[in-house]
Amino acid sequence: MASLSKMTASEKAGIPKRIRIKKDDLVQVIAGKDKGKTGKVISVDRTLGRVLVEGVNMIKRATKPNPARGIKGGIAEREASLHVSNVMILTAGGVPTRIGTKVETVGGKTRRTRIARKTGEVLDSK
239 MASLSKMTAS EKAGIPKRIR IKKDDLVQVI AGKDKGKTGK VISVDRTLGR VLVEGVNMIK
299 RATKPNPARG IKGGIAEREA SLHVSNVMIL TAGGVPTRIG TKVETVGGKT RRTRIARKTG
359 EVLDSK
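Residue numbers (our numbering): 239 to 364.
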């Protein structure tokens, strides 16, 4: 495999990005048509660097009726993905913040926890 600097854009697209946002995190949109809206993360696509947020970036899709599956035809509304750079995680107080990590050694094990850069509070619910 070629070095990262010599790769084409299509080759780089298959490499998973390091995304600190996880499923079920509460995030706020910071750019785009839905700027200011908040929602829960439904899924994270690490290869494309995109997140699906509940109730944000709604699109309309025409669907054909399928009686076997019980699907009614018509125009369905669903969420479209957002780029991960357009969302920020919210703290328990509702403050949008960047995510940092803190490495702790408990016993003989090292554990990495996510912390809020603004407030310093721990974001992991474990």
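Keep in mind the hints are simulated off the structure, nothing from the lab. Ideal Cβ positions, reconstructed from N, Cα and C, are used throughout, including at glycine. A couple of the hints might just be wrong.
[Claimed, not checked] Derived EDC-like pairs: lysine to aspartate or glutamate, alpha-carbon spacing no greater than 16 Å straight-line:
(1) Lys260 - Glu249
(2) Lys275 - Glu249
(3) Lys260 - Glu342
(4) Lys340 - Glu359
(5) Lys298 - Asp283
(6) Lys278 - Glu292
[Stated by the list, open to error] Taking CB as the label site, the calculated pair distances span:
(7) Lys278 - Thr339: 34 to 42 Å
(8) Leu242 - Pro303: 46 to 54 Å
(9) Thr246 - Val344: 37 to 45 Å
(10) Ile268 - Leu242: 41 to 49 Å
(11) Asp283 - Lys310: 22 to 30 Å
(12) Lys255 - Lys275: 19 to 27 Å
(13) Ile309 - Ala330: 37 to 45 Å
(14) Lys261 - Asn304: 26 to 34 Å
(15) Arg299 - Leu242: 33 to 41 Å
Outcome of the hint check:
Taken as a hint, the Lys260 and Glu249 pair is broken in the structure, with Cα atoms around 25 Å apart against an allowance of 16 Å. With a C-alpha separation of about 33 Å, the suggested pair Lys275 and Glu249 falls outside the 16 Å cut-off, and the hint is violated. Among the hinted pairs, Lys260 with Glu342 is inconsistent with the structure: their alpha-carbon atoms are about 20 Å apart, more than 16 Å. Note on Lys340 and Glu359: the hinted pairing holds, with a Cα-Cα distance of about 11 Å set against a maximum of 16 Å.
Simply put, Lys298 and Asp283 have alpha-carbon atoms about 21 Å apart, too far for the 16 Å limit, and the pair is violated. Of the pairs offered as hints, the one joining Lys278 and Glu292 holds, with about 5 Å between alpha carbons and a cut-off of 16 Å not exceeded. The hinted window of 34 to 42 Å between Lys278 and Thr339 is violated, with their beta carbons roughly 22 Å apart. Separation of Leu242 from Pro303 is about 47 Å and conforms to the stated range, judged on CB atoms against 46 to 54 Å.
Checked against the given bound of 37 to 45 Å, the beta carbons of Thr246 and Val344, roughly 43 Å apart, stay inside it. In this structure the supplied range 41 to 49 Å is violated for Ile268 paired with Leu242, their Cβ-Cβ distance being about 27 Å. Here the CB-CB span from Asp283 to Lys310 is close to 28 Å, well matched to the stated 22 to 30 Å. Lys255 and Lys275 have their C-beta atoms about 23 Å apart, which keeps the hinted 19 to 27 Å range intact.
Between Ile309 and Ala330 the Cβ separation comes to about 39 Å, which falls inside the hinted range of 37 to 45 Å. Evaluation of the 26 to 34 Å hint for Lys261 and Asn304 yields a pass: the beta carbon distance comes to about 29 Å. Range check, Arg299 to Leu242: about 36 Å between beta-carbon atoms, so the 33 to 41 Å window is met.
In this structure, the earlier hints numbered 1, 2, 3, 5, 7 and 10 are contradicted, and the remaining ones agree with it.
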